[in-house]
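**Q** Residues per chain, in single letters:
Number of protein chains: 2
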Amino acid sequence: MRMTKLTGKTLKNIEDEFNIESQKLLLRSAMFRNISPGVYSVLPFGIRAINKLLDLLSDQLEREGFQRVYIPSDIEFEKSVSLSLRNDMKSYKDLPKTIYDIFSSGREKIKIKDGLLRSKDFTTFRTCSFYENEELLLQGYENIIDFYKSKFCEMGLDIFSLKSYNEKNPADKADELIFTCGAGDRTIYSCDKCEFRTLEEVADFYVQQYETDDKEIEAVHTPDIKTIKELENFMNIKAENLAKTLLVKAGGEIVAVVIRGNRELNPYKLSSILNVPIRDINMAEYEEIDGNIETVPGFVGPVELEGVRIIVDKEITSVGALVTGANKKDYHLKNVKYGRDFVGDLIAEVSYIMDNDKCPVCGGSLDKEYGIDLGKILSLGKITDVKNLQYKDKEGKSKGIYGASSYIDIYKLLSIIVEKHHDEDGIIWPIKVAPYHVIISILNTKKEEQVKLGENIYRELKSRNIDVILDDRKERAGAKFYDADLLGIPIRIVVARGASENKVEFKLRWKNEKEELDVNEAIEKVLKLLKIY
Amino acid sequence: MRMTKLTGKTLKNIEDEFNIESQKLLLRSAMFRNISPGVYSVLPFGIRAINKLLDLLSDQLEREGFQRVYIPSDIEFEKSVSLSLRNDMKSYKDLPKTIYDIFSSGREKIKIKDGLLRSKDFTTFRTCSFYENEELLLQGYENIIDFYKSKFCEMGLDIFSLKSYNEKNPADKADELIFTCGAGDRTIYSCDKCEFRTLEEVADFYVQQYETDDKEIEAVHTPDIKTIKELENFMNIKAENLAKTLLVKAGGEIVAVVIRGNRELNPYKLSSILNVPIRDINMAEYEEIDGNIETVPGFVGPVELEGVRIIVDKEITSVGALVTGANKKDYHLKNVKYGRDFVGDLIAEVSYIMDNDKCPVCGGSLDKEYGIDLGKILSLGKITDVKNLQYKDKEGKSKGIYGASSYIDIYKLLSIIVEKHHDEDGIIWPIKVAPYHVIISILNTKKEEQVKLGENIYRELKSRNIDVILDDRKERAGAKFYDADLLGIPIRIVVARGASENKVEFKLRWKNEKEELDVNEAIEKVLKLLKIY
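Here the protein sequences come in this chain order: A and B. Take 1 as the starting number for the first sequence in my numbering and just add one per residue. Take 534 as the starting number for the second sequence in my numbering and just add one per residue.
Take the hints with a grain of salt, since some may be wrong.
EDC-like cross-link-like pairs, simulated, lysine to aspartate or glutamate; straight-line CA separation at most 16 angstroms [stated by the list, open to error]:
no.	chain 1	residue 1	chain 2	residue 2
1	B	K642	A	D88
2	B	K538	A	E62
3	A	K93	B	E1008
4	B	K545	A	D88
5	B	K623	B	D1005
6	A	K120	B	E1008
7	A	K474	B	D627
8	B	K706	B	E667
9	B	K1007	A	D94
10	A	K109	B	D607
11	B	K1036	B	D1051
12	A	K5	B	E595
13	B	K653	A	D74
14	A	K420	A	E154
15	A	K5	B	D627
16	B	K626	A	E195
17	A	K5	B	D621
18	A	K90	A	E132
19	B	K626	A	E475
20	A	K93	B	D1005
21	A	K9	B	D627
22	A	K5	B	E597
23	A	K328	A	E218
24	A	K9	B	D621
25	A	K120	B	E609
26	B	K538	A	D88
27	A	K376	A	E142
28	B	K653	A	E475
29	A	K12	B	D621
30	B	K538	A	D94
31	A	K358	A	D204
Since the hints were made in silico from the structure, they are not lab data.
In isolation and in its complexed conformation, chain A is listed as follows (with noise of 0.2 angstroms):
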């Protein structure tokens, strides 16, 4: 390519400010163009390194035999792929069955400060899969994940994965993966001593166990004290010692959530321990448990209630004498014990993480750290929800699918690698995704043999398929160096003065030094740099 051919101008300067760096970049190297708020569109430059990544991401999974496919967006991701496929699934011999999609898509809630990171406009590399068991299943969702994970890795860049909600299938395992920043918008708590990392949506937590006394339960009289406040305050106790009961819709059923005072109920938890879409679970209106359930509003406990399953938090177990409601109009429990003046009919871990919570793995301290969510793995358990989906196996019988499918989100792609490379001059490309992986620059086009020098090594690398461009404006000199730095285009070739002796200086982007060689040695030495990468 030559940049007297590329559309699209750098900038010196961007107005708007971004909560990351890397937007500004993205803008200035007239990769991305802002035309409204929140909306961009992708000139050339921004559409090869676009191109480049889908290229790694579908070549690799090409090798491991998923073919290309195309979605529309009319019915959900998943759901499509099966009425598409389920025709070529009838035999354990179309077994597993691997797609990839790449999709264009516009969200609703943009955030405009996060530039590309939230824009209206997203491109998504999607995969989907499908599999004769739940073991296989499993297998390959950790493929994808470690497929992911190498290919970032490829990229320059360290992406875990960390245990998510699963949105399509609430019971079932999902898996985000998370780019560390500063400015990202997920909350990450990672214990100080050992491996342990979560997202703050799902994050388990220590549970202490308390000493406790075998004080006989007792009956309080508690006049119009509704709230947790009033009651600490009335009855001189902390949040912590009181028994939360939270009567919750969750789908049809209402179910009693008992939790500690002082903490709050995590939906996303309870949606998967109860298989209910996080949408379906709601707090009870007044009106649902009226009549049904034999308590009072404001005073709900789960000693003797009855006409709802009742679900104990984990921690709940483990406090000694807990302060609770007494289902009767005006009076809480007090020294109530789980297992001997209650128990519930599921315990689980249904609150959520509060800073100071101490790791459940080895109780070491936990980091708030943020993170940028980068795409999401899901899997679909056995699916249910498509007629006709099953494939008979080795011995005829008709069995059910299983599947999973990925999500991964190319504008963060690219921001978060232009985020984790670059300096104050501009990008620094890793090698493996740069756009181009050599800028000639002749630095006075005026000057003849500067300008056959640098054709001549352009036709040259071309010739052995190498990725190049030319800087054949006629600019001064300080605004091609100004403009490589910023395009951060990894291998740097400027043909000046030296042309004449067929001298030229060789400069890598994320080195200082700079060499003047030969023209045949800087060839060489592209080759062999771009061997090793």
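With chain A's structure known, arrange chain B on it following the hints.
**A** Same frame as chain A, but now just chain B:
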């Protein structure tokens, strides 16, 4: 590609009855799968066919200096491109600027029986070009038409361009690319004597001259006569001797349009003439007329009509004695003559063509045909709706920029290619657009020598960069022949009994003859064929 690895099994039958045959073949060959009414996903063979078409278009455009960008859908395409590139077009040296874009989107109105010609999702290949002045714009506009025509010709299609309505810029020119096809939904009139062809919406026709006499204008009492039909009976005349005067709201203005009584107003033509978008062309409401214009609804006529511009259909100027409304309740005028009794502010062709109208060029008879609109080219004229879209000319003077855009529907393009190139057994790909050039069928995969020879030819052709597919499935010979015909790969090499003597069967999809060839002869023949086409 190995057929054992290719996702998407061919189908024997498709239940749906489509308007055109190709839609069945696109589904039967597993290029597309129908997942809900009007909604299709694209399977790997389809992805390959589409990418081939996109590559053919892109490669040629790239050679001509067009660069690929991605334009989001939030704002109108042409406006988005202008906003994206206005900083790159500040000098005459930056022009012309030409880009293209590949865009997938969904349409509101689907037509299930049209299959992929009007499916929910579709992919558009779009271009946008910017020029220094109108002359260069017109030249660029013609170049784009020529580019598409020649590419489509290479793809084995006869496509012609017809003048069309320009919905972006009604006063400017537009062309549609049309494929004639009995089941198409666009009506075309074509002259049986000369080369004239026109789309119904914008069709001009031969305006006949009528003999006139010079009778005096005369008022006729026509109590309660309001419709053309009533007037025809009452006055015992034919509708064509009547002049309808329609009060039309065009944007903010009310205009009177005078056309013959037997004609319909053509809103496309009126939109172009007045340069008012068609959505803003409506019959004026009674309340809008009353008061402002001195007339009586039902008795509107052009004679002494004040307060509105009068637009006179060209045909009206050549008819002798007309009957018109008298702008007075219960009165019409007869013997009205254009020029003597009234004049128009504008004379133009504003009525719809009718069957039996003659060719406007030579007066010959017009035949009705049907066609499919594959794409459109639009002149944008001087672009005025984008702030700061200006360049400095050689003298440093600020000037406006001229533009043109074009749209091609890729699913339609693929459909039309298949429609044109198929027989009762399946598709017959023209070599230029064939997803694969060669199919090698190993007839009996249990015979080691057949497998070995098939694999050898496959490797050999792949190493020569030939797009080849290997049918290595454990299917019956009949199924392999059936699929090879259905998929329509141009060159078929069958490895059968002759394998032990290095003989294969060679067949071209579009010919009936087969020949037995030595393997090397067969490979030579493939190379020779691909060089010719």
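**Q** Now, for every hint given, state plainly whether the structure supports it.
**A** Hints and how they fare:
Only pairs whose Cα atoms come within 16 angstroms are accepted, and K642 of chain B paired with D88 of chain A is rejected, the gap being roughly 30 angstroms. Between K538 of chain B and E62 of chain A the alpha-carbon distance is near 11 angstroms, which keeps this suggested pair within the 16 angstroms criterion. Between K93 of chain A and E1008 of chain B the CA atoms are separated by roughly 13 angstroms; this keeps the pair inside 16 angstroms, and the hint holds. Note on K545 of chain B and D88 of chain A: the hinted pairing holds, with a Cα-Cα distance of about 14 angstroms set against a maximum of 16 angstroms.
A distance of roughly 58 angstroms separates the Cα atoms of K623 of chain B and D1005 of chain B; the hinted pair therefore is violated under the 16 angstroms criterion. Restraint check for K120 of chain A and E1008 of chain B: the C-alpha separation of about 49 angstroms exceeds 16 angstroms, so the hint is violated. Between the alpha carbons of K474 of chain A and D627 of chain B the distance comes to roughly 13 angstroms, so the proposed pair stays at or under 16 angstroms and holds. As the CA atoms of K706 of chain B and E667 of chain B are separated by approximately 12 angstroms, the hinted pair is consistent with the 16 angstroms bound.
For the hint pairing K1007 of chain B with D94 of chain A, the CA-to-CA distance comes to about 13 angstroms; that is within 16 angstroms, so the pair holds. Proposed proximity of K109 of chain A and D607 of chain B is supported: the alpha carbons are some 14 angstroms apart, at most 16 angstroms. Our distance criterion of 16 angstroms between C-alpha atoms is met by K1036 of chain B and D1051 of chain B, whose separation comes to about 5 angstroms. Taking the CA atoms of K5 of chain A and E595 of chain B, the gap is about 11 angstroms. The hint holds against a cut of 16 angstroms.
For the proposed pair K653 of chain B and D74 of chain A, the alpha carbon gap of about 8 angstroms is at most 16 angstroms, so the pair holds. Among the hinted pairs, K420 of chain A with E154 of chain A is consistent with the structure: their alpha-carbon atoms are about 13 angstroms apart, no more than 16 angstroms. Distance restraint check for K5 of chain A and D627 of chain B: the Cα-Cα separation of roughly 9 angstroms lies within the 16 angstroms cut-off, and the hinted pair is therefore satisfied. Distance hint between K626 of chain B and E195 of chain A is unfulfilled; the C-alpha atoms sit about 59 angstroms from each other, more than 16 angstroms.
Restraint check: the Cα-Cα separation between K5 of chain A and D621 of chain B comes to about 11 angstroms, which is no more than 16 angstroms; the hinted pair holds. For the hint pairing K90 of chain A with E132 of chain A, the CA-to-CA distance comes to about 11 angstroms; that is within 16 angstroms, so the pair holds. Between the alpha carbons of K626 of chain B and E475 of chain A the distance comes to roughly 13 angstroms, so the proposed pair stays at or under 16 angstroms and holds. The straight-line distance between the Cα atoms of K93 of chain A and D1005 of chain B is roughly 14 angstroms, inside the 16 angstroms bound, and the hint therefore holds.
Taking the CA atoms of K9 of chain A and D627 of chain B, the gap is about 11 angstroms. The hint holds against a cut of 16 angstroms. Of the pairs offered as hints, the one joining K5 of chain A and E597 of chain B holds, with about 11 angstroms between alpha carbons and a cut-off of 16 angstroms not exceeded. Taken as a hint, the K328 of chain A and E218 of chain A pair is honoured in the structure, with Cα atoms around 13 angstroms apart against an allowance of 16 angstroms. For the proposed pair K9 of chain A and D621 of chain B, the alpha carbon gap of about 6 angstroms is at most 16 angstroms, so the pair holds.
The straight-line distance between the Cα atoms of K120 of chain A and E609 of chain B is roughly 15 angstroms, inside the 16 angstroms bound, and the hint therefore holds. Between the alpha carbons of K538 of chain B and D88 of chain A the distance comes to roughly 11 angstroms, so the proposed pair stays at or under 16 angstroms and holds. Proposed proximity of K376 of chain A and E142 of chain A is supported: the alpha carbons are some 12 angstroms apart, at most 16 angstroms. Taking the CA atoms of K653 of chain B and E475 of chain A, the gap is about 49 angstroms. The hint is violated against a cut of 16 angstroms.
About 14 angstroms separates the Cα atoms of K12 of chain A and D621 of chain B, which keeps this hinted pair within 16 angstroms; it holds. Taking the CA atoms of K538 of chain B and D94 of chain A, the gap is near 9 angstroms; set against the 16 angstroms cutoff, the hint holds. Only pairs whose Cα atoms come within 16 angstroms are accepted, and K358 of chain A paired with D204 of chain A is accepted, the gap being roughly 9 angstroms.
Comparing the model with each earlier hint shows violations of hints 1, 5, 6, 16, 28; every other hint is respected.
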